[in-house]
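> Chain residues, written in single-letter form:
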Amino acid sequence: MSTENGSGETSTQTSYGKGGGEKGEVLLEMRGLKIEGMADDVWHEIVHGVDVTLHRGEVLGLIGESGAGKSTIGIASMGYAKPGCRISDGTIMFDGMDLRKTPEHQLRKLRGARIAYVAQSAAASFNPAHKLIDQYCEMPVQHGVKPRSEAEQEAKDIYARLRLPDPDNIGFRYPHQVSGGQLQRAMTAMAMSCRPDLIVFDEPTTALDVTTQIEVLAAIKDIVEQFNTAAIYITHDLAVVAQMADKIMVLKLGDMIEEGFARQMIEEPKEEYTKALVAVRTFRKDEDIPKEESPILKVENVTASYGGGVMVLKNVSMEIHKQKTVAVVGESGSGKSTLARAITGLLPPLEGTVTYHGEVWPNALKQRNKDQLRRLQMIYQLPDTALNPRQRIRDILGRPVEFYVGKKGKEKTQRVRELLDMIELDPDQFINRYPGELSGGQKQRICIARALAAEPELIICDEPTSALDQLVAEEILKLLDRLQKELHLSYMFITHDLATVRAIADEIIVMLLGEIVEQGAKDDVLNPPHHKYTDLLLSSVPEMDPDWLDNLLAERAARKAKGEAIMESMDN
Amino acid sequence: MELSMVLKEFWKELKKAPGTAWVGLAIIVFYVFLAVFAPFLTPYGESEVVGYEFEPWGENFALGTDNLGRDMATRLIYGARNTIGIAFITTALTFMMGSITGFMAATLGGWFDQALSRVVDILMAIPSLIFALLILTITGTSIPALIIVIAVLDSTRVFRLARAVSMNVVVMDYVEVAKLRGEGLWWIMNREVLPNATAPLVAEFGLRFCFVFLFISALSFLGLGIQPPTADWGSMVRDNATLITFGDITPLLPAGAIAMLTVGVNFVVDWFLQLTSGLRDEH
Numbered sequence: 000m001s002t003e004n005g006s007g008e009t010s011t012q013t014s015y016g017k018g019g020g021e022k023g024e025v026l027l028e029m030r031g032l033k034i035e036g037m038a039d040d041v042w043h044e045i046v047h048g049v050d051v052t053l054h055r056g057e058v059l060g061l062i063g064e065s066g067a068g069k070s071t072i073g074i075a076s077m078g079y080a081k082p083g084c085r086i087s088d089g090t091i092m093f094d095g096m097d098l099r100k101t102p103e104h105q106l107r108k109l110r111g112a113r114i115a116y117v118a119q120s121a122a123a124s125f126n127p128a129h130k131l132i133d134q135y136c137e138m139p140v141q142h143g144v145k146p147r148s149e150a151e152q153e154a155k156d157i158y159a160r161l162r163l164p165d166p167d168n169i170g171f172r173y174p175h176q177v178s179g180g181q182l183q184r185a186m187t188a189m190a191m192s193c194r195p196d197l198i199v200f201d202e203p204t205t206a207l208d209v210t211t212q213i214e215v216l217a218a219i220k221d222i223v224e225q226f227n228t229a230a231i232y233i234t235h236d237l238a239v240v241a242q243m244a245d246k247i248m249v250l251k252l253g254d255m256i257e258e259g260f261a262r263q264m265i266e267e268p269k270e271e272y273t274k275a276l277v278a279v280r281t282f283r284k285d286e287d288i289p290k291e292e293s294p295i296l297k298v299e300n301v302t303a304s305y306g307g308g309v310m311v312l313k314n315v316s317m318e319i320h321k322q323k324t325v326a327v328v329g330e331s332g333s334g335k336s337t338l339a340r341a342i343t344g345l346l347p348p349l350e351g352t353v354t355y356h357g358e359v360w361p362n363a364l365k366q367r368n369k370d371q372l373r374r375l376q377m378i379y380q381l382p383d384t385a386l387n388p389r390q391r392i393r394d395i396l397g398r399p400v401e402f403y404v405g406k407k408g409k410e411k412t413q414r415v416r417e418l419l420d421m422i423e424l425d426p427d428q429f430i431n432r433y434p435g436e437l438s439g440g441q442k443q444r445i446c447i448a449r450a451l452a453a454e455p456e457l458i459i460c461d462e463p464t465s466a467l468d469q470l471v472a473e474e475i476l477k478l479l480d481r482l483q484k485e486l487h488l489s490y491m492f493i494t495h496d497l498a499t500v501r502a503i504a505d506e507i508i509v510m511l512l513g514e515i516v517e518q519g520a521k522d523d524v525l526n527p528p529h530h531k532y533t534d535l536l537l538s539s540v541p542e543m544d545p546d547w548l549d550n551l552l553a554e555r556a557a558r559k560a561k562g563e564a565i566m567e568s569m570d571n
Numbered sequence: 000m001e002l003s004m005v006l007k008e009f010w011k012e013l014k015k016a017p018g019t020a021w022v023g024l025a026i027i028v029f030y031v032f033l034a035v036f037a038p039f040l041t042p043y044g045e046s047e048v049v050g051y052e053f054e055p056w057g058e059n060f061a062l063g064t065d066n067l068g069r070d071m072a073t074r075l076i077y078g079a080r081n082t083i084g085i086a087f088i089t090t091a092l093t094f095m096m097g098s099i100t101g102f103m104a105a106t107l108g109g110w111f112d113q114a115l116s117r118v119v120d121i122l123m124a125i126p127s128l129i130f131a132l133l134i135l136t137i138t139g140t141s142i143p144a145l146i147i148v149i150a151v152l153d154s155t156r157v158f159r160l161a162r163a164v165s166m167n168v169v170v171m172d173y174v175e176v177a178k179l180r181g182e183g184l185w186w187i188m189n190r191e192v193l194p195n196a197t198a199p200l201v202a203e204f205g206l207r208f209c210f211v212f213l214f215i216s217a218l219s220f221l222g223l224g225i226q227p228p229t230a231d232w233g234s235m236v237r238d239n240a241t242l243i244t245f246g247d248i249t250p251l252l253p254a255g256a257i258a259m260l261t262v263g264v265n266f267v268v269d270w271f272l273q274l275t276s277g278l279r280d281e282h
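From first to last, the protein sequence lines stand for chains A and B.
If you're matching positions, the first sequence starts at 0 in numbering that gives the first Met the number 0 and goes up one per residue.
If you're matching positions, the second sequence starts at 0 in numbering that gives the first Met the number 0 and goes up one per residue.
Since the hints were derived computationally from the structure, they do not count as laboratory data.
Errors might be hidden in some of the hints.
[Unchecked claim] For lysine-lysine, the following DSSO-like pairs were computed, each having C-alpha atoms within a straight-line distance of at most 30 angstroms:
{"id": "1", "chain 1": "A", "residue 1": "K284", "chain 2": "A", "residue 2": "K484"}
{"id": "2", "chain 1": "A", "residue 1": "K251", "chain 2": "A", "residue 2": "K321"}
{"id": "3", "chain 1": "A", "residue 1": "K33", "chain 2": "A", "residue 2": "K246"}
{"id": "4", "chain 1": "B", "residue 1": "K11", "chain 2": "A", "residue 2": "K81"}
{"id": "5", "chain 1": "B", "residue 1": "K7", "chain 2": "A", "residue 2": "K251"}
{"id": "6", "chain 1": "A", "residue 1": "K155", "chain 2": "A", "residue 2": "K100"}
{"id": "7", "chain 1": "A", "residue 1": "K100", "chain 2": "A", "residue 2": "K130"}
{"id": "8", "chain 1": "A", "residue 1": "K100", "chain 2": "A", "residue 2": "K33"}
{"id": "9", "chain 1": "A", "residue 1": "K521", "chain 2": "A", "residue 2": "K559"}
{"id": "10", "chain 1": "A", "residue 1": "K297", "chain 2": "A", "residue 2": "K274"}
{"id": "11", "chain 1": "A", "residue 1": "K531", "chain 2": "A", "residue 2": "K406"}
{"id": "12", "chain 1": "B", "residue 1": "K14", "chain 2": "A", "residue 2": "K409"}
{"id": "13", "chain 1": "A", "residue 1": "K521", "chain 2": "A", "residue 2": "K321"}
{"id": "14", "chain 1": "B", "residue 1": "K7", "chain 2": "A", "residue 2": "K411"}
{"id": "15", "chain 1": "B", "residue 1": "K14", "chain 2": "A", "residue 2": "K81"}
[Stated by the list, open to error] Going by beta-carbon spacing under 7 angstroms, a handful of chain B positions derived as facing chain A:
{"id": "16", "residue": "M171"}
{"id": "17", "residue": "D172"}
{"id": "18", "residue": "W185"}
{"id": "19", "residue": "A198"}
{"id": "20", "residue": "P199"}
{"id": "21", "residue": "D238"}
[What the hints assert, rightly or not] Coverage of chain A stretches by chain B, computed from C-beta distances (three or more under 8 angstroms per stretch; other residues unrestricted):
{"id": "22", "stretch": "171 to 181"}
{"id": "23", "stretch": "490 to 497"}
Every residue gets a Cβ at the ideal spot worked out from N, C-alpha and C, and that includes glycine.
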């Protein structure tokens with residue numbers, strides 16, 4: 000333990016100051032926690048009596064799919080329930096205080112000072128009108144923990160510990176002037192400002208690129224250890240939580256499924272559900288349909304920009320062959336989605352050509368004919384916004400059937416039912432529903448069916464699984480794979496998730512800043528020697544090994560010490 | 000089947016509606032009833048002179064007679080028919096013009112949006128009552144001219160709203176999907192944008208209806224609205240205004256009729272607004 004910890008302890012001697020603070024002592028104990036949520040004017044129980052025990056200096060990982068109640072439980076540890084929710088039963092003991100019986104004005108003094116919260120989206124949680132360091136200092140000053148000048152000095156120290164670039168000055172920037180990963184670290188720093196006993200991290204890296212995620216994970220792990228802070232780490236990614244947590248608790252639909260030490264949970268899970276979570280991402284498509292000589296789609300020297308300014312695509316060339324999946328990989332801002340827009344004609348390329356079966360297509364969407372449009376379909380990242388909430392499934396799928404194939408009346412309905420069968424949704428049950436009545440995975444299936452309705456040859460999938468829970472995402476990948484075999488489809492699969500790439504790709508294209516840095520068959524790209532950017536991407540994907548992060552950081556440090564050229568995340 | 004389901008939904012919402020919405024609906028239903036059955040509910044003809052001028056309330060004339068000796072009660076009921084009818088047609092026209100141009104501006108964007116928006120800015124810069132008076136003195140005061148002039152002037156406000164609402168819709172992926180599919184402008188506006196923009200437009204419809212109604216009454220009061228002998232509430236107030244000086248409240252009755260309808264419509268609109276904003280919370 001460092002000296003900073005000592006000074007931190009003396010300066011937090013408020014009326015709600017720390018108790019003893021020995022590592023291993025019980026800090027938070029929730030017993031029989033029940034939480035209810037309001038829907039359709041009725042209270043529904045969403046957490047059904049969960050027990051959580053957290054010791055000082057311990058990191059507990061809460062893991063589960065959306066709707067598992069992990070965030071709700073995490074927030075309940077502060078004695079707080081979101082609007083529309085209420086804590087209906089159970090006890091929440093924090094350091095000897097029953098938070099359910101503590102009056103609101105005392106809870107307010109507790110929050111921030113002794114229990115802090117780090118939200119998923121730092122960008123949405125910072126006030127854009129104030130500098131980072133002002134927001135850092137607000138809490139300690141407000142709680143009367145330390146004066147402004149001291150807080151400012153400390154902020155710089157913590158920024159340095161979190162390995163933010165230029166720690167002395169970065170605090171004087173506004174939130175929009177730093178990158179997403181830096182902002183997330185600044186938020187972690189802010190949570191640390193009062194040296195709390197407990198920090199709740201609510202999916203702090205979910206919105207970040209893999210290469211950036213590493214930096215944030217490493218920073219969080221470091222600082223939690225340095226200050227001996229207890230933490231609740233909420234995520235849906237078991238591989239991430241395995242790096243961070245001492246203990247893991249698996250949740251499903253408001254019930255605890257399994258709890259145990261991280262290593263034991265990964266290595267020998269007991270419950271079926273946990274086993275499924277550990278085994279996720281093991282899906283591999285079977286290979287080997289011989290590659291046809293001439294490609295379906297050929298993109299040559301395409302250059303594109305938004306509004307004529309910066310070139311977002313520079314001289315990109317690629318090919319897609321029949322019944323093959325080409326994965327386009329890169330971080331956000333690498334131009335991979337723009338490439339899709341250029342191919343579809345939504346953003347007509349400034350230079351270069353798109354050739355389809357040897358026929359050069361017009362660059363702009365408006366000049367393409369109906370048959371050209373039919374052959375190339377698209378699936379989006381967010382099924383919520385890709386489906387019109389005011390149209391029934393019948394109409395969403397029926398329209399392309401009518402528009403492209405010309406089927407009407409009974410024939411059309413028949414075809415819609417066939418499509419629903421194809422995506423494994425029961426036609427009788429789903430045909431008259433609105434998208435709002437479906438789950439995320441079901442919505443994405445409808446999007447796939449809509450693309451299939453046009454009877455296309457090539458589908459561009461723009462991150463179709465990244466907004467879904469992992470188990471659901473895997474089902475979608477399997478579905479896409481099956482459809483590829485049955486209908487001889489080709490896919491262009493845009494993603495930032497290399498695990499997905501391993502699962503489904505035949506060929507891989509790695510993009511960086513609008514250019515292709517590496518492309519080739521899957522095995523060639525995934526096996527060394529790599530381009531150094533590919534190397535950074537590949538090594539940054541979390542693995543189901545609790546030692547992975549430590550090993551990786553050690554290895555990177557060693558290689559750097561040897562003077563080897565390795566690429567740093569662009570975040571720094 | 001479809002209709003009965005919609006009605007059922009409506010009934011379910013109605014049962015949850017606050018008391019004010021019920022009052023508002025009752026007022027509107029009452030007015031519509033009067034307007035539709037005016038000939039059966041009135042003892043005399045609309046512009047028939049049946050007695051002396053300004054007769055007091057009594058057995059023959061429940062609410063007395065007006066400045067030309069026509070039955071006040073009869074004209075009040077016919078006034079509902081004329082004023083509400085014209086206001087409704089005008090508002091409907093306003094919304095057709097305003098929302099179609101608004102949706103087009105949002106969907107097409109670019110110079111079309113710029114040109115249309117600037118024209119609307121210019122129209123909105125001139126006080127609409129004065130502008131309407133000016134144009135009506137040129138075109139004459141026929142009812143079609145009245146409807147068109149008010150509709151055009153008022154559609155500028157609907158344009159702004161429709162454009163703003165659909166701006167949020169046209170950036171959605173499902174609109175892009177429709178564009179990628181090769182759908183035309185009409186389909187995109189009618190099937191993709193409109194269903195997602197109806198809620199605020201319906202709420203605005205109620206408000207606009209009130210404003211149009213007051214606007215017509217104001218024009219009639221100034222003598223450029225609905226022309227005699229057609230009964231309408233605005234001119235009825237003007238024609239009988241002198242009675243006020245004698246302590247007779249008769250001229251307040253048409254004014255009260257206007258006020259009550261405005262209040263009723265606003266109650267219903269408030270309820271709609273609450274419903275639509277409530278729906279937004281769920282997402």
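> Of the hints given before, which are not true for this structure?
2, 5, 6, 7, 10, 11, 12, 18, 19, 20, 21, 22 and 23
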